[in-house]
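A.B. asks: Here the structure of chain F is known, so what remains is to put chain W in place on it, guided by the hints.
Residue numbers (numbering that gives the first Met the number 0), protein chains in the order written: chain F, 0 to 393; chain W, 0 to 314.
It should be emphasised that the hints constitute simulated quantities derived from the structure, not laboratory data. Glycine included, every Cβ here is placed at the ideal spot set by N, Cα and C. Among the clues, some could well be false.
Restraint ranges, calculated between C-beta atoms of paired labels, are given here [said to hold, decoys possible]:
#	chain 1	residue 1	chain 2	residue 2	range
1	W	Asn263	F	Gly308	46 to 52 Å
2	F	Asp189	W	Val220	51 to 57 Å
3	W	Asn178	F	Glu177	49 to 55 Å
4	F	Lys139	W	Ser181	22 to 28 Å
5	W	Gly254	F	Val88	30 to 36 Å
6	W	Leu252	F	Leu225	52 to 58 Å
7	F	Asp189	W	Tyr195	53 to 59 Å
8	F	Glu340	W	Asn4	37 to 43 Å
9	F	Glu340	W	Tyr195	21 to 27 Å
10	F	Ala242	W	Tyr195	35 to 41 Å
11	W	Tyr195	F	Gln245	42 to 48 Å
12	W	Pro128	F	Leu187	51 to 57 Å
13	F	Val88	W	Ser89	47 to 53 Å
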Amino acid sequence: MSNNNYSEEPEAIYQINVSDIGPIFLDYLKLTPSAFCPFEEELRTYNKGSSIMSDGALGVVKDDDFINAIKIIANPDYRLEIIIGGGMVPLNGIRVYTSKKEGMNSVVSVSPGFENSHLLQFFNSPANFARWFTEVVAGKVEDTVQNFMPPPLTLGGLLYVLQAIDAFRRVSYQNLLEFKTTNEPYILTDEFQSSMITSMKSLDIRWLLPSFIALVPGLNEINWELKDEELNYLGSHDFLIPAKEQGSGKDIFLFGEAGTVMGSEYFRSWISSAGYRITVVSSKGEQVLEQGYMSFTALANHLFKIEKGNDGVWYLNHQPLTTEGFLKRFDELLSDTLKYERNSDGVLPISADSEKPPSIMTTATSQISKFCTNCGAKLLDNSKFCTSCGKQTN
Amino acid sequence: MNYENITRKELLKKYSWLTAQRDELIWSEVETEEEEFPEGVDTITQFINMDNESTPIDEEIYQLGETYRNSLQDLAISRCPFTGQVLNYSIDNEGLDGLWWNFYDPIRKESPNMGTFLALTGAIKLNQPPDDTDFLVEVGPEIPYVLPELLNDENTLAVLSSFKIGAHTAFVVVYFSKNPSSVILRPDEWGTDRYYYKDEIGEVVWSQADEIMKIKDFELVPWIEAGKLFWVLPEDRALNLRADVRQCPYIGLIGNKNTQIIQNGELSELETDDDLDSEVEEIVSGLELDHDADLTPIPEELWKLLPKEGGNDEQ
Numbered sequence: 000m001s002n003n004n005y006s007e008e009p010e011a012i013y014q015i016n017v018s019d020i021g022p023i024f025l026d027y028l029k030l031t032p033s034a035f036c037p038f039e040e041e042l043r044t045y046n047k048g049s050s051i052m053s054d055g056a057l058g059v060v061k062d063d064d065f066i067n068a069i070k071i072i073a074n075p076d077y078r079l080e081i082i083i084g085g086g087m088v089p090l091n092g093i094r095v096y097t098s099k100k101e102g103m104n105s106v107v108s109v110s111p112g113f114e115n116s117h118l119l120q121f122f123n124s125p126a127n128f129a130r131w132f133t134e135v136v137a138g139k140v141e142d143t144v145q146n147f148m149p150p151p152l153t154l155g156g157l158l159y160v161l162q163a164i165d166a167f168r169r170v171s172y173q174n175l176l177e178f179k180t181t182n183e184p185y186i187l188t189d190e191f192q193s194s195m196i197t198s199m200k201s202l203d204i205r206w207l208l209p210s211f212i213a214l215v216p217g218l219n220e221i222n223w224e225l226k227d228e229e230l231n232y233l234g235s236h237d238f239l240i241p242a243k244e245q246g247s248g249k250d251i252f253l254f255g256e257a258g259t260v261m262g263s264e265y266f267r268s269w270i271s272s273a274g275y276r277i278t279v280v281s282s283k284g285e286q287v288l289e290q291g292y293m294s295f296t297a298l299a300n301h302l303f304k305i306e307k308g309n310d311g312v313w314y315l316n317h318q319p320l321t322t323e324g325f326l327k328r329f330d331e332l333l334s335d336t337l338k339y340e341r342n343s344d345g346v347l348p349i350s351a352d353s354e355k356p357p358s359i360m361t362t363a364t365s366q367i368s369k370f371c372t373n374c375g376a377k378l379l380d381n382s383k384f385c386t387s388c389g390k391q392t393n
Numbered sequence: 000m001n002y003e004n005i006t007r008k009e010l011l012k013k014y015s016w017l018t019a020q021r022d023e024l025i026w027s028e029v030e031t032e033e034e035e036f037p038e039g040v041d042t043i044t045q046f047i048n049m050d051n052e053s054t055p056i057d058e059e060i061y062q063l064g065e066t067y068r069n070s071l072q073d074l075a076i077s078r079c080p081f082t083g084q085v086l087n088y089s090i091d092n093e094g095l096d097g098l099w100w101n102f103y104d105p106i107r108k109e110s111p112n113m114g115t116f117l118a119l120t121g122a123i124k125l126n127q128p129p130d131d132t133d134f135l136v137e138v139g140p141e142i143p144y145v146l147p148e149l150l151n152d153e154n155t156l157a158v159l160s161s162f163k164i165g166a167h168t169a170f171v172v173v174y175f176s177k178n179p180s181s182v183i184l185r186p187d188e189w190g191t192d193r194y195y196y197k198d199e200i201g202e203v204v205w206s207q208a209d210e211i212m213k214i215k216d217f218e219l220v221p222w223i224e225a226g227k228l229f230w231v232l233p234e235d236r237a238l239n240l241r242a243d244v245r246q247c248p249y250i251g252l253i254g255n256k257n258t259q260i261i262q263n264g265e266l267s268e269l270e271t272d273d274d275l276d277s278e279v280e281e282i283v284s285g286l287e288l289d290h291d292a293d294l295t296p297i298p299e300e301l302w303k304l305l306p307k308e309g310g311n312d313e314q
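The shape of chain F in the complex, shown without the other chains (with noise of 0.2 Å):
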């Protein structure tokens, strides 16, 4: 744990397992949580007073930050998910809260844990989630490059750059696999247009086009189809050229620069993607203010935010920026978020169960491992000590 007022570290983190939300949230702090709170289903299908507290959940529950954390995620009015993958990492997810009835500029991470956990991360305000998330997440740059995505773009145009990027890709893997080298790479124009409806299909998240699908929640909900005319910001922004196949005489692709420049940072650097959503809850209820697309390489941080235009046409809002300036933005998207009308009264409480006498501990509670006193990690069985921090253990 730091006591930093800008950190790029968590003010704590704290491991809670499954078993132990229902004991901690109903039974020791008696919350009265809503709808909201990211432990929903878990609460709901709990008898208080049916289980008991893990010595690692026993060893926290009395911290003053574990207790601020577990209020805000308890009646949240605000949430950003952020689904992240592709590039070189693995599918992951992570949902982060803050609630204005609980007072306080706190921020709650909340994403899998270990086994049958979550890992709650509290810090001290927006800003020092932003820092962290910065630093974890995004490329390393301090140079701005080129943005060959500028508005407008709409959401089926960038569909098309997407795969036009992976298509760059697909050829410098082929031509990798034959040894071949080539300063002119193409693709049939067939192929580009049959492989893109397959790759949107395969929510593939190795390749840019699936991955932009999957992982931007709630993508689905939102009313918009591609159409061929979206073809054109490919031409119009020299992503593509047509041509001919010499010999064949077959309709193929090649790459423009836009193309080609894009296609190589994707090929050569892609580190991550990920996708976010932001929802609040007023009077209203549940409102979606924000989703968008980031991807990281080692040349950008892509922010693209998925907006719609007073046409109704659904448009994306591309700026490629440095790791600073992606901060900047995050931050701002944050604070300016936080700024709307929110109540965590707009959603309704979580109905509880009739109270039952408590049942005998199940195996699986008595199995949890002991947690770290100091850091809450999980310990791992006879350690001496925590594989997290370091301490002793008793």
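C.D. replies: Frame of chain F, contents of chain W only:
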């Protein structure tokens, strides 16, 4: 006075005649007054006092000026690379003889009300003999350029586009900023000797550009490659922003880099200060846009080990 149906040509002719009449009147009055005042009295003070009195000629000039101002069209000339919003700018694109182009006393509408708009500068390739005006017109160089001092700001991006002004071709560079109020030094508005901005209390005030804002860089490629300068194809009504270098039609244009001046149908130019060139180099090198040295993967001494061009002739 009703100028509803007056043509542009008639309006400009009448305006020119009336201003000449007024000037003549003022000067004759100054001469008369000078005779009445003993030596040592500041005649400039008298001139200003007289000028403040509104006469029927002044009123007519004002009405004509307003008619002209209202006739100016908003042209879609650029697009913000931050927001994608189209920039509509009120400009006289019918010819350089319009009062919009009067260097010392331009008649224009207010700057566009766009949150990210910062400044507009331009250059003009004259395609026919210069327009005949009795006022000074300063159109800038013949080929497009950027202002390094302005574009160096991390929050600033620029867009180069072109359109016709009469028979001439204009190249405009519009600067957009995520935070325009944070930019202190600005260039003069295109074709004038001043720029307007909003002060701390939101009032529109004017100032004149610092010398550093007159330093131009005609090498556009590094700025495009650095992601700082976008461009729009001529005649592209959709104003698609482009970032590629290969197809950019504005690169390699040849023309006069000095500021072109027109008055009474005669074209002349302001010579560029040689010292400014070295200052441009200093600013551009400060941006570290030239990565050639870093991009060379083979150290100099290894080049000597490579086979000479043409391969081995002995085989």
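A.B. asks: Looking back at the hints listed earlier, which ones does the structure fail to meet?
C.D. replies: 2, 5, 6, 8, 9, 10 and 11
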